[in-house]
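Produce the entire structure from the sequences given, and follow the hints as far as they go.
Number of protein chains: 2
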Amino acid sequence: MKLYNWQFAPNCRRVRMFVLEKQLDLPAIEEVIGSGLRLLPQYIDSWPHAMVPMLETDEGDRIGEAMAICRYFEERFPEPNLMGRTAVEKGIFEMWERRAYDECLIGTAEVFRNSHPEFVDRGIPGTTEKVPQIPALIERGKGRVARYYRKLEAQLKDNQWVAGSRYSVADITTLCAMDFAIMVEMPIPDDCSATRRWYEQVNRRPTAKQSL
Amino acid sequence: MKLYNWQFAPNCRRVRMFVLEKQLDLPAIEEVIGSGLRLLPQYIDSWPHAMVPMLETDEGDRIGEAMAICRYFEERFPEPNLMGRTAVEKGIFEMWERRAYDECLIGTAEVFRNSHPEFVDRGIPGTTEKVPQIPALIERGKGRVARYYRKLEAQLKDNQWVAGSRYSVADITTLCAMDFAIMVEMPIPDDCSATRRWYEQVNRRPTAKQSL
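Just so you know, the sequences run in chain order A and B. Its first residue numbered 0, the first sequence is counted upward by one per residue in numbering that gives the first Met the number 0. Its first residue numbered 0, the second sequence is counted upward by one per residue in numbering that gives the first Met the number 0.
No lab work stands behind these hints, which were simulated from the structure alone. C-beta: ideal position from N, C-alpha, C; glycine also.
Straight line, CA to CA, 25 Å or less: simulated DMTMM-like cross-link-like pairs of lysine to aspartate or glutamate:
{"#": "1", "chain 1": "B", "residue 1": "208", "chain 2": "B", "residue 2": "78"}
{"#": "2", "chain 1": "B", "residue 1": "156", "chain 2": "A", "residue 2": "55"}
{"#": "3", "chain 1": "B", "residue 1": "141", "chain 2": "A", "residue 2": "138"}
{"#": "4", "chain 1": "A", "residue 1": "141", "chain 2": "B", "residue 2": "128"}
{"#": "5", "chain 1": "A", "residue 1": "150", "chain 2": "B", "residue 2": "60"}
{"#": "6", "chain 1": "A", "residue 1": "129", "chain 2": "A", "residue 2": "44"}
{"#": "7", "chain 1": "B", "residue 1": "21", "chain 2": "B", "residue 2": "57"}
{"#": "8", "chain 1": "A", "residue 1": "129", "chain 2": "B", "residue 2": "189"}
{"#": "9", "chain 1": "B", "residue 1": "129", "chain 2": "A", "residue 2": "152"}
{"#": "10", "chain 1": "B", "residue 1": "150", "chain 2": "B", "residue 2": "190"}
{"#": "11", "chain 1": "A", "residue 1": "141", "chain 2": "B", "residue 2": "117"}
{"#": "12", "chain 1": "B", "residue 1": "1", "chain 2": "A", "residue 2": "88"}
{"#": "13", "chain 1": "A", "residue 1": "141", "chain 2": "B", "residue 2": "120"}
{"#": "14", "chain 1": "A", "residue 1": "141", "chain 2": "B", "residue 2": "138"}
Estimated spans, in silico, between C-beta atoms of each pair:
{"#": "15", "chain 1": "A", "residue 1": "202", "chain 2": "B", "residue 2": "45", "range": "29 to 37 Å"}
{"#": "16", "chain 1": "B", "residue 1": "28", "chain 2": "A", "residue 2": "40", "range": "44 to 52 Å"}
{"#": "17", "chain 1": "B", "residue 1": "196", "chain 2": "A", "residue 2": "193", "range": "51 to 59 Å"}
{"#": "18", "chain 1": "A", "residue 1": "157", "chain 2": "B", "residue 2": "184", "range": "43 to 51 Å"}
{"#": "19", "chain 1": "B", "residue 1": "116", "chain 2": "A", "residue 2": "149", "range": "27 to 35 Å"}
{"#": "20", "chain 1": "A", "residue 1": "40", "chain 2": "B", "residue 2": "40", "range": "50 to 58 Å"}
{"#": "21", "chain 1": "B", "residue 1": "60", "chain 2": "A", "residue 2": "77", "range": "19 to 27 Å"}
{"#": "22", "chain 1": "B", "residue 1": "37", "chain 2": "A", "residue 2": "44", "range": "41 to 49 Å"}
{"#": "23", "chain 1": "B", "residue 1": "117", "chain 2": "A", "residue 2": "119", "range": "30 to 38 Å"}
{"#": "24", "chain 1": "A", "residue 1": "203", "chain 2": "B", "residue 2": "134", "range": "40 to 48 Å"}
{"#": "25", "chain 1": "B", "residue 1": "120", "chain 2": "A", "residue 2": "34", "range": "39 to 47 Å"}
Put into structure tokens, the structure is as follows:
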């Protein structure tokens, strides 16, 4: 198996962390990022979706999208379970996983992509067409992350982990998204003490650092 | 079971279509949309995520996010299978499902929300805070949908269904997103003949109309 990877990208880290939590070795890693933080042209030629991560199996199947890759690993290596056992648990885990992605990760990406000088004309991933930055998305993205922090704080006041009483894929996406937010100068707000408690707790797991 | 619903919303239709493809009766439906296309205040009070759809089970569990709800139904009622059987199939189905959501549904939502007069100050769902429209997102959204159409056309030239050789959840999200795009005046491009063939084929299934 081979993972086409950009080490810095939060979406790639989601996959690496998931695999490490499965107590598996990482697949062979191929870095596909070149100068100017751009995907290598030969990678885009072979994978027109033009996004990372992408997993190539030993049989030659190619799977893109972080959670689709994680689903593949969950099915092949069911233990430890990270995506839920019962119907309700699967639903609740996925709800919180998607929320961390849509609100925290995408919100942060809006801030990052629309302000970073290397991303002029690359406002959207997955295409080589020019897509201008939209400065108004910086403020909108900050608002999304700020609202997500408050929502998560309310959840973590009553729950040890993001999706309830045990560690799950929702914690993985939340940590990867939150570290991205912190890097883009949207730290955990001072009054979010349950979130700080969770952040320390999730960072005590070896996979938090191993996945970086 | 009860589904908190906004009949018009593509995300709610995804769930209804999924349930109907399972050959199940729809759950009890509670419409939670009021005047000005706004969620009812009592719904937001009881569900601060402030989004639809949301499923309440007979046991009182509450699951939001369309695909999380579908996952719950897939697990409780495995046949007919819509989310894949093998690890690879699950990965590939989810990849195409997420792509239809991120590129076609969100792209269309960017056009819709940032141009519709009822959505002034509601540029983002899931909050009662004022979030101004960003007119530049209209063009960006149109570009995303246009690129998605081309990507999908390439896939449907070689495959009968969106994720390969059989109908899946990826067809459901794609149809709901595409009908939304068509409504917002982004019809299937004239030169996308494979996509037109697929669109006719998916619309011959009874669930396409039953879910409207």
